[in-house]
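Chains as they are written, first to last, in my numbering: chain A, 2 to 154; chain B, 4 to 403.
Please note that the accuracy of each hint is not assured.
[As the list claims (entries may be wrong)] Covered stretches of chain A, as calculated for chain B (at least 3 residues, CB under 8 Å):
(1) 48-60
(2) 63-72
(3) 76-82
(4) 86-100
[Stated by the list, open to error] Okay, derived cross-link-like pairs now, SDA-like style, lysine to any residue, Cα gap no bigger than 20 Å in a straight line:
(5) B:K314 with A:S58
(6) A:K34 with A:D23
(7) B:K263 with A:K77
(8) B:K36 with B:R129
(9) A:K77 with B:S255
(10) A:K34 with A:M2
(11) B:K263 with A:D23
(12) B:K314 with B:V223
(13) B:K314 with A:D23
[Claimed, not checked] Estimated spans, in silico, between C-beta atoms of each pair:
(14) A:D13 with B:R236: 31 to 41 Å
(15) A:A5 with B:G365: 55 to 65 Å
(16) A:D127 with B:L57: 51 to 61 Å
Just so you know, these hints were derived from the structure itself, not from any lab.
Since this is a predicted model, take the numbers as computed values, not measurements.
Backbone N, C-alpha and C fix where the C-beta goes; we use that ideal spot for every residue, glycine too.
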Amino acid sequence: MDVAAYAKLLPDITPRNKPFWDGCAAGELRLQKCADCGRYRFPDAPVCPECLSSSASWETASGAGTIWSWCTMHQKYFAAFADEVPYRLVYVRLAEGPLVISVLAEDSDDSAADSGGTSSKELRLDQPVHAVFRPRPGGRVIPQFSTGAAAGM
Amino acid sequence: MSSRKGRMRMFNANDAAVIIGAYEHPGRELPDKSLAQIHAEVAIGALADAGLTLDDVDGYFCGHDAPGYGGGWVTMAEYLGLRDLTYMDSTESGGASPIYHVSHAAAAIAAGKCSVALITLAGKPRTGIQPGGGGPARPEDDFETAIFTGAGLVSTYALAARRHMYEFGTTSEQLAEIKVAASKHASHNPNAFLQKVMTVEDVVNSPMVADPLHRADCCVVTDGGGAVVVVSREVARSLDRQPVRIMGQGESAKLTNGGKLDLTYTSAVWSGPRAFEQAGVTPQDVDYVSIYDSFTITVLEILEDLGFCAKGEGGRFVMDGTLVAPHGRLPFNTDGGGLSNNHPGHRGGITKTIEAVRQLRGEANQGVQIPDCEIALVHGNGGDLGTRMRSATMILGRDA
């Protein structure tokens, strides 16, 4: 991976989103929870999208979710990912409610990496997954999702 | 559909403003022209179509993608020499923006704020600047844009397609029918970027871009542009050109909502009913549709969301030539659409409007003109289905 190109894709860490990134570094998926209506939200936001309350806490989420959808990227849209194609993206509905898009972790049972990305063993929609945390080139830890039995530990 | 004709005069229509001029730039690769120059060429083209000149313009509309100061109308108004503007607007809604602009121009005219409104769009993603897409991350982007995971705009449409397939049994072959119809229409358009007629097999055998979307499921990348002129009824009466009625209009947005999303529908579910209600017509009354076609799945979901078929029935609906002009049940994008003809600046809203005007005036290409075309629907889908998407629906009518 082109580390310099990848660094340009990474969002800045700001006072508002720092708890999320600190959580990733600690191997935890942290979400904001509205202190008034209890709704979990993602990404981080200054107010609750449900009730507009500005009062929220950061909670450690279970990391569990289900695959709402997935796709395999073949086109080289980003210089940073030119060497990565094909790679799988998963859109995961977290147990707490919000949807998150990320890459399928390489240690998943049926990872694209196992068979050069052309695995005929397709992911199953609504299949359970767990968040896993791996440093990406350059050191930033992002949440990925794994179908593996040992995942999420 | 002849029963409609008797009812047409009773429609609660917004008849204060009409479309009087429309022009699509014939070019698809314009390496030697500046963006401003393309805006100017389409402006002059649409005004000439109406029998007007730049001196007549008192309302000007363009998107934030226009070149120059601050993003928006200012620099282009200066470049075009528009000295007597009384109304200006640069509402930003991605590829749907021009449809917002036409609608907002009609509202401004109805409110007496201007009487000759010019809407322009131009882009050079093919030979020049590539907006969005492969560009660097903006620091203000939130996690959900997620390009650091290697996701991009196309990936959310691919995710939507896979989920639609899972929930409703939609197939790649059904999505391909949409491209097949567009390619047949493009074969009648001498300016179309892709003129070869494609089969379902051609589409599903084209290389994968973002599985399950193939290259042929994606719109073309073209330079070019287009413009539309909206005027008051009074101005239209002084001109020797067939007006097109703006009967109804609706807008809506579907935003990130803190991660509470469903990609199997678009905000057309809200903009559509608003437009139909104002126009006083139903989907059954529509003779022609210009549907935003960034990807085949975009068309499929919008057709469902606008009520042309039930949710989940889109795959079956588009089979057997439903969308093919002139005799399909619901001919769409008869210029070849963004899938085969033109998607200037990654913004299909202007070409969608222009082709509907051509159909209602009886000026579509030979072979795709719908006989007795009275009511057309134009729908734009802006932004990214997975994050912040916006919809604009317009219902246009042939002038009595």
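A quick look at each hint next to the structure:
no.: 1; hint: 48-60; in the structure: holds (count 3)
no.: 2; hint: 63-72; in the structure: holds (count 4)
no.: 3; hint: 76-82; in the structure: holds (count 6)
no.: 4; hint: 86-100; in the structure: holds (count 8)
no.: 5; hint: B:K314 with A:S58; in the structure: violated (38 Å)
no.: 6; hint: A:K34 with A:D23; in the structure: holds (17 Å)
no.: 7; hint: B:K263 with A:K77; in the structure: violated (29 Å)
no.: 8; hint: B:K36 with B:R129; in the structure: holds (12 Å)
no.: 9; hint: A:K77 with B:S255; in the structure: violated (32 Å)
no.: 10; hint: A:K34 with A:M2; in the structure: violated (35 Å)
no.: 11; hint: B:K263 with A:D23; in the structure: violated (24 Å)
no.: 12; hint: B:K314 with B:V223; in the structure: violated (27 Å)
no.: 13; hint: B:K314 with A:D23; in the structure: violated (42 Å)
no.: 14; hint: A:D13 with B:R236: 31 to 41 Å; in the structure: violated (52 Å)
no.: 15; hint: A:A5 with B:G365: 55 to 65 Å; in the structure: holds (56 Å)
no.: 16; hint: A:D127 with B:L57: 51 to 61 Å; in the structure: holds (57 Å)
Violated hints for the displayed structure, listed by number in ascending order: 5, 7, 9, 10, 11, 12, 13 and 14.
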